[in-house]
Amino acid sequence: MEPKFNLNRPKLSDEEINKHKNFDQLVKQFKQQSIDKAKHDKSWWKSKKFRYTAIITGTLVICTISYLDLFNNSSNKIVKHETNLTPKIQSKKSSVKKSVISEPSAKLKINYTSYKINNAKGGEIKHTTSSKIKVPANSFVDKNGKDIIGDVTIDYREFHDAADIIVSGIPMIYDSVGKKFNLESAGMFDVKGSQNGEPVFIKKNKQLNIELTSSVSENRFNQYYLDTVSKNWQYLKRDDKLTLLSKTNKLNTSKINHSISSPKLENLKNQIEVVIPRKLDSVKIVYAKKQTLLSKPKEPLKPNKPAPGRPTFVFDGSYHEFPELSVFNNVVFEVGEENKNYRSNMHDITWTDVKISEGPVKGKNYLLTLVYRRQVEKLIVYPTLTGKDFELAEKNYNQKFNEYKVLIEKREAQEKKLVDELQAKQTAYFTELTKKQKELDNERSSLIQQLKLNEQKQLNSSFNTLSNQTKATRLFSISQFGIYNSDCPHNENSGKIVNPAFVSHDNTHVVNPDALYLINHSSKTVTNISFIEGFKFIYDPSNSYSICVFSKNKLFICSKELFEKAVNNNKHQFTLHEITDNTESVMDLKKALEI
Amino acid sequence: MAINPHFHHTSEQLNEELIIIEASKQNPEKFGPIYNKYYKQIFNYVYQRLDDKETAFDLTSQVFLKALTNLSNYQFKGVPFGSWLYRIAHNELMQLFKLQKGKKTINADISDLRYICESNDEPFYEEYIPLIKKIIQELETDDLQMIEFRFFEKRPFKEIAEILNISEVNAKVRMHRIIEKLKKSISKLKL
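Protein chains in written order, with the numbering used here: chain A, 2 to 596; chain B, 30 to 220.
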């Protein structure tokens with residue numbers, strides 16, 4: 002079968018190729034493949050070495066057990082006791098290893114945004130929410146403390162409201178010397194660094210400065226770091242370095258000028274830079290050619306009289322025998338002053354041969370060649386006329402000169418007409434050029450305006466994800482990667498205890514939560530309610546609440562009104578609305594929670 | 030034809046590569062720099078010979094997985110590691126074409142076809158295109174591979190030789206023979 006032939010197939014962009022690059026996935030696949038191979042590989046059993054080792058080890062084990070059984074009964078008890086203990090310790094250890102961050106949904110996630118930064122150069126990263134990560138040069142080391150060479154991947158994500166906090170699974174309880182507080186967040190971020198899948202670390206004495214864009218401008222917050230080992234937030238400092246932002250002063254216009262483009266703009270540029278200049282050149286060439294084609298009248302020669310005292314020659318040949326010479330009849334040739342070889346005795350010689358040919362100045366002089374035996378003389382001579390011949394010639398000249406003047410005037414008029422035409426065409430092209438230049442300027446400024454509007458829209462949309470009107474940046478200086486939070490601790494809920502029951506909005510079935518979050522809209526806190534006591538919680542009747550429930554991969558909400566209805570009803574039956582089946586957008590949750 | 034700096038290496042670069050490969054034999058996670066370095070090259074090589082990009086991406090991943098799996102068998106021969114990857118990619122492609130016969134695709138630009146004609150001292154006219162396509166489609170697999178390397182991917186002989194694990198002279202001789210064959214076919218276009 003002949004192969005298919007694609008001609009001029011579009012090339013793939015580097016971005017598209019790099020999108021499929023996933024080294025972590027490759028390593029994962031490799032490891033999985035190795036495990037599968039090891040599982041199915043029975044070749045070790047066929048090895049003689051293995052068989053002999055197994056037999057010897059088996060014999061030794063049997064001997065040891067027999068010895069212990071016969072001579073040391075008490076040690077047997079200890080062995081048994083230890084064997085019973087081991088699984089308990091192991092199970093405890095495995096429960097300790099459970100992560101402090103527990104995401105309630107596999108689908109609803111706040112994804113990391115990856116940025117590359119060169120370790121040697123450092124730099125500034127601008128996140129989509131306008132937050133900035135400022136990285137000094139040489140900030141990163143590997144696990145052995147060696148400076149990282151090349152690019153480091155910074156993975157970064159932010160959490161700004163109850164919906165973000167719920168889907169993140171990050172605990173919002175702060176344990177301060179045994180007293181528990183609910184944390185109200187003014188913005189939280191999670192930052193980590195890696196190179197080729199290997200974690201990197203911030204170098205000792207180096208700090209990354211993170212300017213977190215926050216939806217809260219008050220300065221009653223503290224900075225905390227989530228210690229994933231002690232599973233508690235660590236107080237860092239007061240969060241009082243705030244910079245208030247406005248929506249309009251953040252527009253980045255630096256890239257505008259070189260990023261605008263449109264077919265119209267390109268066409269105008271082409272007209273201005275190529276098409277019209279080419280037309281201008283072409284019109285010049287055409288008119289130069291036309292000018293050369295205009296007829297050039299020949300100026301008649303003015304007859305001259307011989308200068309007094311200058312030697313002359315008269316051609317005394319037989320005009321009858323040589324009729325071609327008749328034009329020289331009565332012509333007196335004056336010997337030019339430039340003839341240094343002229344001698345007066347030349348007039349005494351009867352020359353046997355005479356030649357007359359065109360002189361150095363065409364139409365003005367002639368070259369007279371005189372031959373006598375071996376003597377050859379060459380003289381530059383000027384034709385002159387005398388007497389009546391001169392008068393007749395002068396009359397002819399005057400008549401021809403008048404005709405010549407008429408022709409010259411005619412030619413000048415034609416030339417002028419051509420120049421006027423050329424200038425008119427050039428002016429038309431220059432007008433067109435100016436018009437196109439104006440159109441180009443207008444198109445460019447309209448594109449810039451459009452781009453600015455788009456950027457402003459983008460900026461607004463970034464701000465809108467932060468929900469509130471007032472914006473600020475909060476400055477964090479971090480010396481290790483992890484989760485940081487700008488928080489205000491609130492006392493745990495106090496008030497009435499609720500033992501809730503959950504039903505679907507159509508009252509057809511009971512909903513059993515896998516995870517339950519109580520959102521206090523007054524204190525802006527989110528509490529993950531434990532299932533251990535049947536999701537019992539305490540609420541303050543003076544505050545407003547809603548509930549978010551995850552059950553069997555579905556997401557349910559109990560709105561503020563339904564919450565109030567339920568707590569006022571002694572049965573404490575909460576009606577839940579399913580947001581969507583398998584919702585994948587945090588925005589749906591935000592909308593449902595009225596954020 | 031210019032030397033491809035992504036392929037050709039100084040002895041220092043070869044040493045650096047070798048250190049990474051030796052480390053990767055112990056710990057596959059060290060293979061990252063090699064993966065990043067050659068991913069695009071191998072993808073382009075594979076995609077040049079296929080019609081759809083998804084298969085090309087899958088096959089590229091397969092090439093690197095195979096390379097990692099067989100890394101312990103890799104022996105340094107004084108040429109960049111890339112030539113080993115190209116050979117794996119070539120074998121993977123051959124395997125694919127064997128299983129799925131319609132998969133083999135030739136991808137070229139008109140300028141490549143012009144280049145072929147002009148290299149054979151023949152003029153190029155657009156009406157020749159279908160005929161040149163036919164000539165190329167009918168080439169033997171090995172000959173087609175050489176044409177792809179030389180005229181479509183514009184690789185210098187040194188690089189072709191390293192990928193095919195043959196000497197540069199051998200590569201030139203092979204190419205000369207193919208050009209002779211092509212010349213005959215192209216000269217018939219005039220008739």
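Please keep in mind that the hints were generated in silico from the structure rather than gathered at the bench. Be a bit skeptical, because a hint or two may be false.
Within a straight-line C-alpha distance of at most 27 Å, the following computed DSS-like cross-link-like pairs (lysine-lysine) qualify [to be verified]:
1. B:210 / A:5
2. B:183 / A:5
3. A:5 / B:54
Quantities reported herein were computed from a predicted structural model and do not represent experimental measurements.
Hint by hint, here is what the structure shows:
Our distance criterion of 27 Å between C-alpha atoms is met by residue 210 of chain B and residue 5 of chain A, whose separation comes to about 21 Å. As the CA atoms of residue 183 of chain B and residue 5 of chain A are separated by approximately 21 Å, the hinted pair is consistent with the 27 Å bound. For the suggested pair residue 5 of chain A and residue 54 of chain B, the alpha carbons sit about 39 Å apart, so the restraint of at most 27 Å is broken.
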